[in-house]
Amino acid sequence: MLVTWRYRPRKSLIQSFDPRAWIIFFLCYIACTVLFWDLRYLLVLFAMALVAVFTSGIKWHEMRRAWLFIGGFILFFSFLTLLTGRGGIELYKEEHVIRRLAAGFTLFGWRPTLILSAERIAYAVAMMVRVFSLASMTILIPYSLNPALYGVTFRGLGLPDKVAYGMDLTMRFIPSFGRDFQLTMDAQRARGYELEKISGGLFAQVRKLAPLIVPVTIHAIVASEDIIDAMDLRAFGVGPRTWVDELHYRPRDRALIAFGVVMLLVCIALSLWGFGKFWVPEFLLRLAQ
Amino acid sequence: MSELPLIVENLTFRYRSRHEPAIRNINLKVQPGQVVLIAGASGCGKTTLIRCINGLIPRSYKGELTGSIRIFGQDTQGLSLARISQMVGTVLQDPERQILGSRVINEVAFGLENLGLPREEILQRSQEALERLKIAHLRDRETFSLSGGEKQKVALAGVLAMRPGILLLDEPLASLDPASAQDALQMIRQLADEGMSVILIEHRVEDVLAIHPERVLFMSDGEIKFDGTAEQLADYVDYREVKLPAPMILNLAARAEPPSEPHWLPSGREGPREPLVEFQGVHFGYENGTEILHGVDLTIYRGDIIAVLGPNGAGKTTLIKHAIGLLKPKQGRVLIRGRDTRHMSVAEIASTLGYVFQSPSHMLFAPTVYEELAFGPRNLNHDPETLRKEVMDAIEIVNLRGYEQIPPLSMSFGQQKRVSIAAILSMRSRILVMDEPTAGQDYKNYISFMDSILQMPGFEAILFITHDVDVAIRYANRVLLVNDGQVVADGAPEEVLSDLERLEACRLVPTSLLRLNLEYLSATRRFLSAEALAHFSLA
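Taken in order, these protein sequences are the chains called H and L.
Numbering-wise, the first sequence is residues 1 to 289 according to UniProt numbering.
Numbering-wise, the second sequence is residues 1 to 539 according to UniProt numbering.
Certain hints may be false.
To be verified - Lysine to aspartate or glutamate pairs mimicking EDC-like chemistry, simulated, CA-CA at most 16 Å apart:
#1 L:321 / H:186
#2 L:62 / H:225
#3 H:59 / L:287
#4 H:208 / L:383
#5 L:29 / L:9
#6 L:328 / H:62
To be verified - Label pairs and their in silico Cβ distance ranges:
#7 H:254 / L:62: 44 to 54 Å
#8 L:97 / H:115: 51 to 61 Å
#9 L:381 / H:288: 56 to 66 Å
#10 L:294 / H:248: 37 to 47 Å
Since the hints were derived computationally from the structure, they do not count as laboratory data.
Glycine residues also receive a C-beta, built at the ideal position from the N, C-alpha and C atoms.
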C-alpha cells in the first residue's frame with residue numbers, strides 16, 4: 001500500500017497557508033528563479049527560500065538525509081560545471097582567465113588543461129545558488145503538505161477529478177517506492193548479496209543490479225494493478241466526484257497568491273528589459289588581470 | 001427485493017493467457033443472510049469466481065466468459081463496474097493492496113465520493129460504517145500506521161459504506177492475529193444476520209466454521225466438488241487437504257493408518273546446551289523515536305525449534321531482523337556464535353543464518369526457479385557441484401520438482417512463497433529463520449513443506465514467526481510469546497500454551513487442537529498433532 005511522506009502538522013509559515021495558495025506561489029517562485037542568471041537577483045530569491053526553510057518547523061534530523069543527498073548532488077555537479085565550463089558558453093562570449101592548469105602529460109597528443117576563468121566561477125556559483133533555491137522550496141513540500149489533501153488540492157487548482165486523484169497517488173508512490181526498494185535490498189542482503197562488491201564492465205554491473213531492479217519494478221507494476229482494481233471496485237471515474245475534504249481561501253491565502261503573481265510579473269518585466277542577465281563580479285575580473 | 005441476491009449459472013472462464021479454463025460450470029444460488037464459505041487449495045479457481053461476481057472479470061481481466069451471473073435479478077453482463085460495485089462489495093485478501101486513502105476517513109469515503117453523493121451524506125454514511133465496525137476512534141489516523149487487524153476493518157468499512165447487498169471476502173483472515181480474525185468473523189456473522197449475503201473464501205476453514213456458515217463449498221480444479229453443510233463437509237473432503245476442527249479429525253484419523261512418529265531433525269538438545277544466537281538486553285527504536293523492543297534477552301540453542309507467537313505489531317519481525325543483522329540494536333547486543341552482529345556484514349551472517357522474508361514478491365527476480373535458488377549459494381561462493389545438489393534438494397522439499405525452468409514471477413502467490421523459502425534452504429545455513437512461512441498457504445501445502453523442512457538434515461536450530469497456534473503445537477519444541485516489544489513467555493509449548501489467560505492477553509485464541517491437547521496432556525505429556533492424538537486416544 002502507499003505510504004506517505006513525513007508530514008505532520010507544524011506551526012510554520014508554509015502550513016499557515018492553504019495548500020493551493022502555496023502551490024501557486026511555489027510555481028511563481030520557480031518561474032522567477034529560472035528567469036535570472038544574475039547572482040544578486042538570485043541571492044534575493046535564495047533568501048526567500050531560506051526564510052521558508054527556517055520557518056518551516058521541520059527539524060534538522062527529519063530533513064538531514066534529503067539535504068545530504070540533494071546537497072551532495074548539487075555540489076558535485078556545480079564542481080563539474082566549474083571544471084568544464086559547460087553550459088555557460090551561451091551566456092558569455094569571452095573568458096577572463098585567472099589561472100590555467102595544464103597537466104604534465106599528454107593523452108594521444110592532447111594535454112588535459114583546466115581553465116579557471118572569472119566567468120566560469122561566476123557561472124558555477126550562480127548555478128549553485130539557483131538550484132539550491134529550487135531544491136530548498138521543493139524539499140519543504142512533502143514535509144508540509146497534508147497527504148490527505150493532495151487530491152483536493154490539485155482538484156482545487158483546476159485539474160480534472162481523474163488527473164487530480166492520479167497526482168495524489170503519484171505523490172504517494174514515490175515514498176512507497178523507496179520503502180519497497182529498502183525491503184528488497186534487505187531481502188537480497190539476507191541471501192548474501194552485496195552491492196558494494198559489484199564489479200565488472202558497465203553491462204556486467206547493470207546485470208548484477210537485477211536482483212534489486214527486477215523485484216522493485218515488478219512490485220511497482222503489480223501494486224499499480226492492485227490500485228486500479230481497488231479503484232474500479234469502488235466506482236472510480238464514473239462521473240463527477242465529491243471530495244469529502246474542503247478547502248477555503250482566506251484573505252492571507254489570496255494575499256500570498258497575489259504576491260506570487262505580482263512577483264512573477266515584475267520578474268518577467270525585469271528580464272524583458274534586460275535586467276538580471278549573467279553578471280560577473282568586478283573582483284573576479286580584477287583577479288584575472 | 002424478491003429476487004435472489006446472486007444466481008450463477010453454468011459459469012466458465014478462461015484467462016486470455018491460459019489454455020485451460022480457470023473455472024468450469026459453476027452453478028450457485030445465494031440467499032439473503034447466508035454465509036457461504038468457499039474452501040479449496042491454492043489455484044482451485046476461488047479467486048477467479050470472486051472476480052467474475054464483482055465484475056473485474058471480464059472488465060479488468062480479459063478472457064473468455066460463458067454462462068451468466070445475475071445479481072438481484074440483473075444480468076451483470078450489461079452492467080458497469082460502478083453499478084455492480086454498489087451491489088457487490090469486495091474485500092481483497094490483503095488490505096494493504098486495497099486501501100487507497102491516506103487517512104482512514106478518506107479511505108472509507110472513497111467509494112461514496114466517486115458516486116458523487118452530497119458531502120453531508122458521505123460523512124454520515126462513513127461515520128456509520130466506522131461505528132458499526134467499532135473503529136470510529138481511527139477516523140483521522142493515517143492508514144499506513146494501522147495494525148493489520150485495523151487495516152482489515154478499515155477496508156471492510158470502505159466497502160460497507162457503499163451498502164452492498166452482497167459481500168465478497170477473499171481470504172480476509174490471512175494477515176490477522178487470531179483474536180483479530182475472531183473479531184472479523186463475528187462482524188461478518190452479524191452482517192449476514194442483518195440480511196447481507198456473504199461469500200467468504202478462506203483457508204482457515206476451522207476458524208470460519210465457528211460462525212456457522214449456512215453453506216460450505218469445496219472447489220478443486222476450477223469446479224465446485226462439494227456443496228453442502230459444514231457437518232457434511234467432513235465426510236467429503238480429505239482432512240489432510242482441508243484443515244478441519246481437531247475433534248472432526250480425531251474421528252476421521254482414527255479410521256486411518258496411524259501417522260509415523262514425527263522425527264524433527266534439528267536435534268542436539270540433549271547434553272550441554274550450545275548457544276547459537278544470543279540477544280543481550282536488546283533495545284531498538286526507529287528514527288522517529290518510538291521504541292519497539294524494550295530490552296530483549298533471548299538465547300537460541302542448538303536443537304531449538306522455536307515458534308514466535310504474538311499480536312500484529314508486537315515487534316516479532318523487528319526482533320528477528322536483529323538476528324540477521326539487518327537491524328542493529330540501539331542498546332545491548334546480538335551475538336551470532338559469539339560474534340557481535342555490529343562487526344559482521346549481513347552477507348557474512350547469511351552463511352550461518354538463513355532468513356525467509358514474509359513477502360516473496362520483494363526478492364524474486366531470476367528468469368528461472370533454478371537460477372533463483374542458485375543466487376544465494378552463488379553469493380556465498382559454493383562450488384558448482386555442491387550448488388547443484390543444494391538447489392535440487394531445496395526444490396524437492398518445497399514440492400516444486402518440474403518447475404526448475406519456470407520463471408518464478410509467473411507463478412501463483414503460494415508457489416512464489418515456496419520458491420522464496422527454497423531460495424534460503426539452498427544456502428544451507430545452519431540456522432533457519434522464517435517470518436510467517438505458512439501465511440496464505442493452503443493446509444496441505446504448508447504441512448508438506450514444514451514437514452520436509454523439519455526433516456532436512458543440516459539445521460542446528462529453526463525459528464519461525466506464526467499466527468497459527470496449531471503450527472506451533474505441531475512443530476515447535478519451544479514457544480516464545482512476544483507482546484509489546486518484550487518476550488513475555490518462553491518455554492516448552494506445553495508450559496507456555498497452557499496458560500490461556502496469557503494467550504488471550506497476546507491476542508491468541510485457543511484452537512480446538514490446543515484444547516484437545518490440554519485435555520490429554522496428563523497422559524501424552526507433550527503436544528501432538530490431531531492425527532497422532534487420534535491414535536493415542538484409541539490406545
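Hints, verified against the model:
In summary, the hint linking residue 321 of chain L to residue 186 of chain H is supported, as the alpha carbons are separated by about 9 Å, within the 16 Å threshold. Using a Cα cut-off of 16 Å, the hinted pair residue 62 of chain L and residue 225 of chain H holds, with the two alpha carbons roughly 14 Å apart. With a CA separation close to 12 Å, the supplied pair residue 59 of chain H and residue 287 of chain L stays within the 16 Å bound. Between residue 208 of chain H and residue 383 of chain L the CA atoms are separated by roughly 19 Å; this puts the pair beyond 16 Å, and the hint is violated.
A threshold of 16 Å between alpha carbons decides the hint, and for residue 29 of chain L with residue 9 of chain L the separation of about 8 Å falls inside it, so the pair holds. Restraint check for residue 328 of chain L and residue 62 of chain H: the C-alpha separation of about 20 Å exceeds 16 Å, so the hint is violated. The hint said 44 to 54 Å for the Cβ distance between residue 254 of chain H and residue 62 of chain L, and at roughly 50 Å that hint holds. Against the hinted window of 51 to 61 Å, the Cβ-Cβ separation of residue 97 of chain L and residue 115 of chain H comes to about 57 Å, which satisfies the hint.
Distance hint check for residue 381 of chain L and residue 288 of chain H: the Cβ-Cβ separation is about 58 Å, which falls inside the suggested range of 56 to 66 Å. Our hint of 37 to 47 Å for residue 294 of chain L and residue 248 of chain H holds, since their Cβ atoms are close to 45 Å apart.
The structure shown violates the earlier hints numbered 4 and 6.
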